[in-house]
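Enquirer: Sequence:
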Amino acid sequence: MKKFNLAYGVAFAIVIVLLFCMAFDMDDSVTFYGFAENKETEINMENSTEIKRIHVTTGQKVKKGTVMLDVVSSDLSVQISSTNYQIEELQTKYQLWKSDLDWRISQYKLELNEKTSKIQAEIDQYSAQLEQNIKLVANMDKGIASNTKLGTTSNPISLKIKALTKERNYARSIINTEISKLESERFADNNPLLSQIKSLEREQEYYETKKESQTIVAPSDGLVGSIQCKANENIPSFQTLITFYDESPTLVIGYIHEEHMLKVNVNDTISIFSTTRPGIENIGIVRTRGSRIIEIPPRLRKIKELITYGREIIIEIPPDNPFLQKEKVTLNLRS
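Going by this note's numbering, the residue at position 186 of the sequence shown is 197; the numbering climbs one at a time, nothing skipped.
Mixed in with the good hints there might be a few duds.
[Stated by the list, open to error] Pairs of lysine to aspartate or glutamate, EDC-like flavour, derived with a Cα cap of 16 Å:
hint	residue 1	residue 2
1	74	258
2	313	270
3	171	142
4	63	270
5	109	194
6	339	292
7	109	200
Simulated from the structure, these hints should not be mistaken for laboratory data.
Put together the whole structure using the sequences plus the hints.
Expert: In structure tokens:
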């Protein structure tokens with residue numbers, strides 16, 4: 012009689028147990044692994060930047076508003092010079108425009124003086140002639156004098172004087188109107204060139220203020236991540252200067268095996284347990300599911316050497332949770 016092989020017996024028992032679990036599994040839970048993660052903020056500048064001073068170190072805890080970096084935009088000097096040039100150019104145009112108006116106003120005044128003086132000279136000439144005629148007639152016979160009517164408005168000389176006076180007043184009115192228009196334009200506050208100059212001057216003040224007091228501060232209470240710059244270094248625009256983390260993890264990134272990935276849905280409640288610290292646990296809510304199958308990181312595999320694939324799951328956790336940054340956790344979903 013052959014001896015009973017113990018190894019076969021153990022293998023047979025394991026198969027029976029596995030089949031039993033598969034057939035009569037009353038616990039429909041899904042367990043997978045992940046790690047706690049802080050929300051990382053990458054801080055950069057929209058312009059190329061010169062680093063003046065670094066006030067923090069990697070991993071340092073800081074309060075909201077703490078100054079982390081003193082910086083100066085490398086483009087500010089160029090912008091200030093460019094703005095100065097534009098202001099000077101516009102001021103030159105404005106001065107030339109004013110000079111042109113002043114010259115035109117002076118020409119109108121000369122024209123006014125010339126025209127009115129010429130007409131006034133004629134008026135004076137005719138007035139003298141009329142006065143002389145009146146004196147001559149006064150020595151003549153009163154009958155003749157009454158017939159000549161030298162002092163009446165119907166007298167030709169009087170009519171001429173009246174016409175010349177009207178012409179003088181008309182010329183004075185027309186030219187004075189033109190002078191008033193030019194002077195109103197000359198001293199107006201809403202001149203387009205002046206408006207542009209004032210706008211550029213405000214822009215220049217902004218650049219000067221920005222140059223004097225430009226700092227990068229902590230956006231909230233948290234931890235300094237990596238410092239990717241050095242003092243006196245010039246950093247291109249939009250390149251990360253420093254990273255910043257919330258003080259406590261705000262989410263868990265889990266990886267569920269592809270065989271179970273359809274069992275986890277958005278808004279499902281997940282129980283979260285620390286894999287190394289007994290009693291440390293919390294609850295999270297599934298917020299996002301990855302859109303593709305990826306390789307599960309070795310740290311989160313049941314057997315590190317065995318490559319497995321699954322789906323990334325993003326789980327939101329309360330801000331006052333007990334987990335550490337990058338702490339490995341066990342995730343459990345129960346139907």
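Enquirer: Does each hint fit the structure? Answer for all of them.
Expert: Okay, the hints, checked on the actual structure:
1. A threshold of 16 Å between alpha carbons decides the hint, and for residue 74 with residue 258 the separation of about 10 Å falls inside it, so the pair holds.
2. For the given pair, residue 313 sits about 14 Å from residue 270 by alpha-carbon distance, which is consistent with the 16 Å threshold.
3. Under the criterion of a C-alpha separation no larger than 16 Å, the hint pairing residue 171 with residue 142 is consistent with the structure, at around 14 Å.
4. Among the hinted pairs, residue 63 with residue 270 is inconsistent with the structure: their alpha-carbon atoms are about 54 Å apart, more than 16 Å.
5. Under the criterion of a C-alpha separation no larger than 16 Å, the hint pairing residue 109 with residue 194 is consistent with the structure, at around 10 Å.
6. Distance hint between residue 339 and residue 292 is fulfilled; the C-alpha atoms sit about 12 Å from each other, no more than 16 Å.
7. At roughly 13 Å between alpha-carbon atoms, residue 109 and residue 200 fall within 16 Å of each other, so this suggested pair holds.
Consistency note: the structure conflicts with earlier hint 4 alone.
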